[in-house]
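Please model the complete structure; the sequences and the hints are all you need to start from.
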Amino acid sequence: MIHFLRKRIWFLHRKRNFQIKKKLTIIYKKRKIAEKEKSLNIFHLEDINYCSIFLFYFILFYFLFLILTKLRYDEKIKNCSLMEIFKNYIKFFFLNYIEKNQLNSTVL
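Quick note: the sequence shown uses this note's numbering, first residue 182, plus one each step.
Treat the hints as calculated values from the structure; they're not laboratory data. Treat each hint with caution, since some may be false.
Restraint-style ranges between C-beta atoms, simulated for each label pair [said to hold, decoys possible]:
id : residue 1 : residue 2 : range
1  : R212      : N269      : 55 to 61 Å
2  : E265      : Y243      : 17 to 23 Å
3  : N269      : I240      : 18 to 24 Å
With a straight-line cut-off of 27 Å between C-alpha atoms, the simulated DSS-like cross-links for lysine-lysine are [claimed, not checked]:
id : residue 1 : residue 2
4  : K217      : K202
5  : K213      : K203
6  : K203      : K217
7  : K213      : K196
8  : K204      : K217
9  : K251      : K268
10 : K251      : K217
11 : K210      : K196
12 : K202      : K213
13 : K196      : K217
Quick reminder that beta carbons are idealized off the backbone N, C-alpha and C, glycines included.
What follows is the structure, given as structure tokens:
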């Protein structure tokens, strides 16, 4: 009877150790997989929505292109180069920005 109890205790102890090892290996594997995914994710894709950034720049350049083509085929500047038009366009907005800032500074 004592021998049976010893064997039973030994078996239960062995079974318990096996279950603990099994749980630990599962936890270790999950942790290892998570670390591997984190190391592969250099750019943190979940933090940045690249589609919205692409859409923003696409719309921006599309409207810029439309404005430039409209200016290009305007009657007054038909003989100008596209680069000249682009430079004038940037100067125009830059000067407007400076004027607005000067107005704001004089009001304050």
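Hint by hint, here is what the structure shows:
The hinted window of 55 to 61 Å between R212 and N269 holds, with their beta carbons roughly 60 Å apart. A hinted range of 17 to 23 Å holds for the C-beta pair E265 and Y243, which are about 21 Å apart. At roughly 23 Å, the beta carbons of N269 and I240 sit within the given window of 18 to 24 Å. With a C-alpha separation of about 22 Å, the suggested pairing of K217 with K202 holds against the 27 Å cut-off.
With a C-alpha separation of about 15 Å, the suggested pair K213 and K203 falls inside the 27 Å cut-off, and the hint holds. Proximity of K203 to K217 is assessed by CA-CA distance (about 21 Å); at most 27 Å being required, the pair is judged to hold. Between K213 and K196, the direct Cα distance comes to roughly 25 Å. Compliance with the 27 Å bound is thereby established for this hinted pair. Annotation: proposed proximity of K204 to K217 holds, straight-line Cα distance about 20 Å (limit 27 Å).
With a CA separation close to 15 Å, the supplied pair K251 and K268 stays within the 27 Å bound. The suggested pairing of K251 with K217 is violated, with an alpha-carbon distance near 52 Å, which exceeds 27 Å. Between K210 and K196 the CA atoms are separated by roughly 21 Å; this keeps the pair inside 27 Å, and the hint holds. For the given pair, K202 sits about 16 Å from K213 by alpha-carbon distance, which is consistent with the 27 Å threshold.
This hinted pair does not check out: K196 and K217 have alpha carbons roughly 31 Å apart, beyond 27 Å.
In terms of the numbered hints stated before, the structure departs from hints 10 and 13, listed from lowest to highest.
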